[in-house]
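Novice: Residue numbers (the numbering used here), protein chains in the order written: chain A, 1 to 389; chain B, 1 to 391.
There may be inaccurate statements among the hints.
[Unchecked claim] PhoX-like, lysine-lysine: derived pairs with alpha carbons at most 25 Å apart:
1) Lys256(B) / Lys18(B)
2) Lys389(A) / Lys269(B)
3) Lys309(A) / Lys256(B)
4) Lys357(B) / Lys371(B)
5) Lys328(A) / Lys371(B)
6) Lys111(A) / Lys309(A)
7) Lys38(A) / Lys93(A)
8) Lys38(A) / Lys204(A)
9) Lys21(A) / Lys7(A)
Keep in mind the hints are simulated off the structure, nothing from the lab.
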Amino acid sequence: MNFRLTKEQLAWQQEVRSFIKENVTPELLAEVKETDDKQAGPLEKVFLQKVIEKGWHGLNWPKEYGGLNKGAVDKLIFMEEMRYHHAPDQEIKFMEYAANAIINKGTEENKKVWLPKFINGEIIPSMSYSEPSAGTDLASLHTRAELDGDEWVINGHKIWNTRGHRATHQWVAARTDPNAPKHKGISVFVVPMNTPGISVVEIKTWDHRVNEVFYEDVRVPKSSLIGDVNSGWNIITSALNTERFTIGIGSHIWRVFDELVNYCNRTTRDGELLVQRPEVRLRLAQLKMEIEIARLLTYRAASMIDAGKDVSAIASMSKVYTTELSTKVVDYGMQIFELYGQLNDYEADPLYKMIAQYYRAVPLRRFGGGTNEVMRNIVAQRGLMLPRK
Amino acid sequence: MDLQFTEEQSMLQQTARKFFENELTFELVDEAQHSNITKHSVDLWRKIAEMGWLGVAIDEQYNGIGGSLFDLGVIYEEAGRALLPTTFYSTIYASLLIEQLGTDEQKKRYLSQIAEGKMISTVAFSEADALYNPEFFITTARKLYDRWVLNGTKAFVPNADVADNILVIARLEEGKGNDGLIAFIVRPNDDGVTLKSMNTFGNDAQSVVTFNNVELDESNVLGGIERTEKTEESFELARKQATALQCMEMVGGARKVLDMTVNYVSERKQFGVPIGSFQAVQHHLANMATSVEGAQLATYQAMWLLSEGLEAEQELAIAKAFTSETYKSATLMAHQLWAGMGFALDSGLYLYSNRAKATELSFGTYDYHLKELSNLIAPAHLIKKDELVCR
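If we strip away everything but chain A, and leave its shape as in the complex, we get (with noise of 0.2 Å):
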């Protein structure tokens, strides 16, 4: 047991840090907000290639295929500073979680053919895996690839999906055998956003732009399909074993808190500084005790990722307890604020609207990646092994 960073672990901490503070610029930040629902502007391209060129889109990956060859726990320190510094990190996650579960599930050609194209940052990646009416039982999606000579042909409707605006390529889920059981008639295919047949339509929400992805004969080539044939399910549920875990890493939210904790030294209201009252420094201090927990649950998914170990209950266990306590970190933030909470515009503070803007968007993440009840069955069903019937 050991809860220090190592020498290098500290030394890499601080080169990100460098890095972010060199290159996660005002301007670039500005920019990502502002083109959230369009395509990605000149500083996030040149911010992503920047990230690309350091060879840190395959932190993890061996080294037989460009990678780094870090461990998880390197993965974590550099995740956590991304994100607390709000630097823009969509497009690594998405391709993270695709290039992983083709490193760890994918055949060799398969190999071969994808991750240069992935950690070049040629290809970004959108996850087209829910349908209307497949979400939390994924499993039952109609979405149909059928083989027709050497291409695989796909029909069908996604939906919830995040970035396919963006996206070069489509992660998808279909269904290539109707007759097997469920779980056990689903491929994952990777389909270029260019080829005909395919639509994506925007859904509005409380939040951030989502879509719907129509997929009308679209053609692929053999190379396409990941993995073997029908052996999707497996493919999906390591990649969502890694979008767990990433899901989290809290320290965006984190941050909130310690610009809260920095608002009430500041901030004097009916004739008292906010962080001497009572009642204020309890709430803050519960909110510390309950972010450290969160943290060390992603350090310790990080160390059992290290050590080879099956992750699938704790990562549910982090997602969960940190998405429930995001929530409970912005809602305490805005009625910290009271009155102020309301505002939304960046005059009297820059605060209010970032937190208010947090509080919409977090309850996604308790869903997203799969629902907060969900993964308690996991850490139920597979953690503690309790009987599913």
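Keeping the supplied structure of chain A fixed, place chain B upon it in accordance with the hints.
Specialist: Relative to the frame of chain A, chain B by itself:
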């Protein structure tokens, strides 16, 4: 960074678990909790001493094993799982104080005896009107020529009834508040010492101990009479170590309650299926498992930092607050899930429920530690306004 046990730690854990599972059958625990005569088992004490566990963190020159505080914590966690009688904990707490404050001669004499299982000991700190703040202690020591005279009353002294000696923390009569603390090694049968047992929720042995003109010589002053600036720090450090160790005990108990409850709901059938197959039940247990995991990590962190001789103020406050809530809540949820079966004394579940409450209330409650934590976080984390990042 590696949040997993080393191979040695895993082995120690396994050995301890096996030992306690063999030795602490439910009957023994039950007797220990209920007996009006003694909570202490002489036979078990001897075996624990033979395993070397009373001296895990005691230096080899004093017949200890010379292991780390974290190793001792591993034993505590397993002891908590098995509901070891509390003489172990109070004796170890005393040994930590002696380690911090004792003279070489005292260490040689007392630590050796503790390591060999020849001495049961305890610490008398809290008083009726001063649970945490020694400034308000009424127990005082007055120097009379080459003797010391001790007067006052301590409360909630664990195992004073079976202890060979009690480490009494008193205020120097001329000293004011925290500046003048002094610790004495007192025997319960010394003239002027009277014990009155307290009737406690956890059925553990705690006493009110009164000192009426108890005369002591300088060999009874822990660390001799040469007070240094370090004296108060040493009290504080031993107390922190004991707090972290108790957290280890608590996570052991909480994990055991989780395990027992998982077993229970996997076997108990209603509507023709195990009740553990119901999602409502599964989600309660998933929450419990997450809390226990969090409490365990927070506690390991505090324990590890202290074991490495590092500052752990914030981490310890987090560990004790979170673990208190986790252990207690686990027992209360277990009662809900076990229903009548867990309410019946036969199940033994209540023994954990009692211990969870007793440990929650000692070494500082949730509020106590959150207040400590709030004092630590409030002035820090100053981020300049122009560094604010808008999303």
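Novice: Now tell me if each hint is right for this structure.
Specialist: Verification of the supplied hints:
1. Lys256(B) / Lys18(B): Distance ~14 Å between Lys256(B) and Lys18(B) Cα, so the pair holds.
2. Lys389(A) / Lys269(B): 11 Å, holds
3. Lys309(A) / Lys256(B): 22 Å, holds
4. Lys357(B) / Lys371(B): Roughly 20 Å between the alpha carbons, so the hint for Lys357(B) and Lys371(B) holds.
5. Lys328(A) / Lys371(B): This hinted pair holds, its Cα atoms lying about 19 Å apart.
6. Lys111(A) / Lys309(A): 23 Å, holds
7. Lys38(A) / Lys93(A): Holds, at roughly 18 Å.
8. Lys38(A) / Lys204(A): Distance ~13 Å between Lys38(A) and Lys204(A) Cα, so the pair holds.
9. Lys21(A) / Lys7(A): 21 Å, holds
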